[in-house]
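Enquirer: One-letter residues, chain by chain:
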Amino acid sequence: MNSTLDKFFGGKQGGIGLLVLAALILVVFPLALDSFRLNMVGKYLTYAFVAVGLVLCWGYGGILSLGQGIFFGLGGYCMAMFLKLEASDPESTKIQSTPGIPDFMDWNQITELPLFWQPFQSFGFTLLAVVAVPAILALVIGMAMFKRRVGDVYFSIVTQAIAAILTILIIGQQGLTGGVNGITDLKTLLGWDIRTDEAKIILYFVNAALLLGCILIGRFILASKLGRLLMAMRDKEERVRFSGYDVASFKIFVFCVAASFSAIGGAMFTLQVGFMSPSFVGIVPSIEMVIFAAVGGRMSLLGAVYGALLVNYGKTVFSESFPELWLYFMGGLFIAVVMYFPNGLAGLWHSHASKWLARLRLPSRRQPPAAAAQPAEQPPASGAGTIDAVPAKQLESTP
Amino acid sequence: MTGFQMPKPVLAIEGLTVSFDGFKAVDDLNLYLDRNEVRVVIGPNGAGKTTVLDLICGKTRATSGSIQFDGRELTKMKEFDIVRAGVGRKFQNPSIYENLSVFENLEMSYPAGRKVFGALFFKRSAEVIARVEEVAAEIGLAGQLHSEAGLLSHGQKQWLEIGMLLMQDPELLMLDEPVAGMSVSERAQTAELLKRISQGRSVLVIEHDMEFVKSIAHKVTVLHQGKVLAEGSMDAVQNNPKVIEVYLGH
Ligand SMILES: Nc1ncnc2c1ncn2[C@@H]1O[C@H](COP(=O)(O)OP(=O)(O)OP(=O)(O)O)[C@@H](O)[C@H]1O
Ligand SMILES: [Mg+2]
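Residue numbers (the numbering used here), protein chains in the order written: chain A, 1 to 399; chain B, 1 to 250.
These are computed hints drawn from the structure, not numbers from a lab.
Treat the hints with care, since some could be wrong.
The calculated SDA-like cross-link candidates involving lysine to any residue, where the alpha carbons are at most 25 Å apart (straight line), are [what the hints assert, rightly or not]: (1) A:Lys236 - B:Leu152; (2) B:Lys59 - A:Gly151; (3) A:Lys315 - A:Ile335; (4) B:Lys76 - A:Met143; (5) B:Lys115 - A:Val338; (6) B:Lys59 - A:Asp152; (7) A:Lys147 - B:Ala85; (8) A:Lys187 - A:Phe36; (9) A:Lys236 - A:Val338; (10) A:Lys147 - B:Phe20.
So that you can see chain A by itself, here it is in the shape it has in the complex:
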């Protein structure tokens, strides 16, 4: 029983890290920030879902997807379609030539709700679709690419291309998708007004809880044999293959998990911000999301959350004063992190702060007389303790 819990919480160290993060986003932020700023943090945290997914598929799986915006966007659009249909009841759209359909359809001379929109009248279907549509697309992309052993760089480029294609498709099909403006004027969720301050606070907590849930799932995956297989594959893919594993299936799996996490983030973005548009799907947002993970630390699920928070905070502050410089700054930041801090903030934390903390704690640890009761410093081979606390030597050896 204990070991199952350990798998989720990543041992003692991982448990503390998780508690600190949970306290920060569940207690500190809600107490310290007004509802406008809290909503902004909530928006940043939706990107953290993508970054957490990237830790799994890029950090551990070695699969650098530069197209996670695809899945963030699809999740967001699925949610937005449901909300838009709810906002387009015949009563509030009676001035349209076809009442009862979304306004942008009416503007584009569409007179009937398109077939693929119809299931999104059901909330149950929508919840399913938020995760299933992106996961199925990831499955298809993954099967096409990994079964054929497409190279890493080529894979990254293809994900970029798909992100670009999807953006063009959404913008081009204005009548079906709302075009470049996206799907806007979302009002209620099952009759509950999501635009009020109170609703935004509740959605913030739902979002935070879902994010913590995704981190726990991520930890479970990394602590399992599958997590060790991912690391083994990154190191010696051939050895894994010739030990009887279908390497492609594991890559497809983490890629799908990362896509599902991104999609949940996208759906929560739509709910909290009140719209979804193609500007969250394309190449630039997809690369930004990789930067969040890189800055936070691509080997650290918790680090990815801090990365998303800090970079977005920086973006908000910085782009207010120098909007045109922000992109260059991001590019520079990415290069700097990759070259000098390959494990991002989490790497810095482990190589500096945790050592310093350990030194502070050591003297008091020697105090208790029951030395035998002291837990072993070396975690058992299970690796459960090493998920967020990647040993320093491992951090340094990652390219």
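Got chain A sorted already, so can you dock chain B with the ligands onto it with the hints?
Expert: What follows is chain B with the ligands alone, placed relative to chain A:
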């Protein structure tokens, strides 16, 4: 089929050819390996020895010919299916997971939890632990179970990779230059190890070290330019003038 192969060979390679842009690295090769046989393949650099192993384990696909293992045609099978059918292969350069512990390296080759959800819910049972400890003792790494594999000496890494193969309990064990880079005493230990682990399985070894070959081989095959130049006992092969000319004379 033919009267000469009295017991049915566990591995039957016939007419095997692979061509890389017109260059035939393996050329119409025939090779039969008996059950419980230890066969050593020798030959000059570039003779195609590694390529033969690549072909058997599916890393390289044959241009033509057949590879029958226990009556199954390997040339059409997926790599992981070939492994699951009972073929284990050690690479020329020690190929282990440097960041994982010795225990985890061995456990990774335990034949359970090989599919996505199997791996996700794989439990380190007492059985698994016992098997890992047994193999670790066999390869002389029982004392290093929990150290990081990257910290092992070169020779220990070679043993670890052999241990990873033993975890799968393969019917056919293929080793590409297992003693390369080892000290004299490590070579002797490896020869002993090979004699122990070849009980009840067939072993195909590629090696350049003649002392080592002599100590383990039942039969030797000399490969030259992708073809079998000679085959037989160590003594016969060593005194074969053709073999002396292209290989042993150097
Ligand atoms: N994938 C490949 N593409 C092109 N040529 C290849 C490929 N694999 C092997 N070769 C060539 O085939 C020949 C045989 O190579 P192989 O590695 O099998 O030799 P070897 O007998 O194992 O030599 P060594 O003793 O040096 O390990 C070499 O000339 C090599 O360059
Ligand atoms: Mg070779």
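Enquirer: A separate judgement is required for each hint: does it hold in the structure or not?
Expert: So, going through the hints one by one against the coordinates:
no., hint, verdict
1, A:Lys236 - B:Leu152, "holds, 17 Å"
2, B:Lys59 - A:Gly151, "holds, 16 Å"
3, A:Lys315 - A:Ile335, "holds, 17 Å"
4, B:Lys76 - A:Met143, "holds, 20 Å"
5, B:Lys115 - A:Val338, "violated, 33 Å"
6, B:Lys59 - A:Asp152, "holds, 19 Å"
7, A:Lys147 - B:Ala85, "holds, 21 Å"
8, A:Lys187 - A:Phe36, "holds, 17 Å"
9, A:Lys236 - A:Val338, "holds, 22 Å"
10, A:Lys147 - B:Phe20, "holds, 23 Å"
The earlier numbered hint that this structure contradicts is number 5, and it is the only one.
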